[in-house]
Amino acid sequence: MTVARKAAAALVAAGMAGSALAAARGPAAEGGFYTAQQASDGSALYAERCAACHGPALEGTWEIPALTGKFVANWAGRPVGDLKAYVARAMPQFAPGSLAPDETDRIVAYLLSANGWPSGATPLGSGATLDRRLPAPGPRGMAAAAAAKPGEL
Amino acid sequence: MREAGPGDFSRAGRRAVLRGAGSFAAMAGLQACAPGGGGVASAGSPPSATGRPPSLVPLRATLDQLIDVKCCIRPLRAAGPNLGTEVIGDTLIVHNYGHGGSGWSLSWGSAEIAVGKALSVLPEEIAVVGCGIIGLTSAVVAQRAGLKVTIYARELIQRTRSFRASGSFTPDSRVALAEPAGPQFGDTWERMARLSWKAFRTYLGLPGNPVEFVDSYALSDKPIEKRHWPADPAITGSFATAGAPQQNSEFAHYNERIKDIMPQAVDIPAAENPFPVAYAQRQSAMHFNFASYGHTLLSEFFERGGHFVNRDFHSRAELAALPQKVVIHATGYAARDLWGDRTIIPVRGQTGWLVPQHEANYGVRYRNVSLLSKGDGVVVMNNNPDIGEMLGVGNSLELPDRSAIEEGLAIIAPVLRVRGA
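If you read the protein sequences in the order shown, they are chains A and U.
Each residue of the first sequence is one higher than the one before, counting from 1 in our numbering.
Each residue of the second sequence is one higher than the one before, counting from 1 in our numbering.
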């Protein structure tokens, strides 16, 4: 299953209007936040390091936050670096700080991908890529992100 | 940035005459967010001499009754809860977090302190960040003082860690470490515990029994003795060197201060012991029924015009950017990350829940295992008493382990066949 299909599956599983978000995502847009390879690698890492608590489809539980839906509302408008810093610092909860920096990048890439934020040619992780704010969800926000050059958002 | 310590508060001054030889260790079996055990209490006053066992409906502790296993992390803060204040930009932050396994039990007294500090700058309106038992109680106390309150939180109380406690009045359960807390904290603790006790009593007998008392029976094959935790000289590390407690003797205990109001354990003579076990004690204990209590408190909050905003915070600056310029910060364990408070030590606990058995309205403790009949189920805990308060210390894995509960049910089931049932 491709990353895009996984992302769409996760969105559908979460009961979101996933198709619009996924469709608005450019396959390799300059305005992307991570590379498809990072997201693909991140999917495997997520399964290994995160899924035990957050669930195989990011669905969460009554007690543990889902990484879809409210997650998008929580992080939209913030610099992607904030999300990375939080994951690096606080996750996984039973061993916070135990993810290597490149592992964190890949897991964050997977989470962004699964929630419809666009991929691109520039890998997540370097300084400028972390300063960009995650656009609001919805076709317009995502399309703007996909069309933008790095640094524009 | 200033953090006012608990010593900032005046002495409660009512404790001196309250010292005695009794123990609340039996309560350890019922501590908020699951206990570390710790043995059972020594006898206090003589029991009523009826000469025959009370008529009890047996508790059903069978696997088919198990409907939930909940796990949570207590926010043990070495120096006791953070009740200090700090100013960020133009915003007064009043902390109210880090109550260990005593958040429910101290909630009203702790809210009284926090809201008092908030009122001292004469706001008309405040924000409360966090909607666990501390945040929600703080919000209601602030409303009762006439303030307009907005709660900002990830969840309403029903999905917070507070609802994954065991929900008993255990006000000194992993609430502080003796040395970092210092001698002054005892006075603040006592003030919070006494005020909370009075507040909880105002909920007794209300529809749905948000707060109630039941008898709990401690059962043993051997005579029941008070458990002590002397310092083990072989353990040289401590919180000071390791950043987390290394043995039971480091934990602070204060329940002796309020033994004049808390019911003590009493020995039950053999003729009055309804259980098929040689030794038994009975103790009345207060507990909170989550469903009813949460509903009651939330109803008051909304009836008084409270607003709830669903949001998450990731930095201190975000609290200071709220429109309300007085903010009560009550995020519990989450303060470890949000406020970077590394003195919060995770202490894992878990509870199993059986189908409610309202007709068997009591608790039982035997070996590692305790049962307590509550409004929303019979809570089951399986905690090795030899580990005491150290159980779960440093463990932030918040996934339930059903097998421990199943094991516990198998241990306690044989002693539940009460005489005359």
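Be careful, since some hints might not be right.
[Unchecked claim] With a Cα cut of at most 20 Å, we get these calculated SDA-like pairs of lysine to any residue:
| no. | chain 1 | residue 1 | chain 2 | residue 2 |
| --- | --- | --- | --- | --- |
| 1 | A | LYS70 | U | ASN209 |
| 2 | U | LYS325 | U | GLY89 |
| 3 | U | LYS198 | U | ASN209 |
| 4 | A | LYS84 | U | LYS198 |
| 5 | A | LYS84 | U | ARG159 |
Derived from the structure by calculation, the hints contain no laboratory data.
Here is how each hint holds up against the structure:
1. A:LYS70 / U:ASN209: violated, 34 Å
2. U:LYS325 / U:GLY89: holds, 9 Å
3. U:LYS198 / U:ASN209: This hinted pair holds, its Cα atoms lying about 16 Å apart.
4. A:LYS84 / U:LYS198: violated, 46 Å
5. A:LYS84 / U:ARG159: Roughly 25 Å separates the two Cα atoms, so the pair is violated.
The earlier numbered hints that this structure contradicts are 1, 4, 5.
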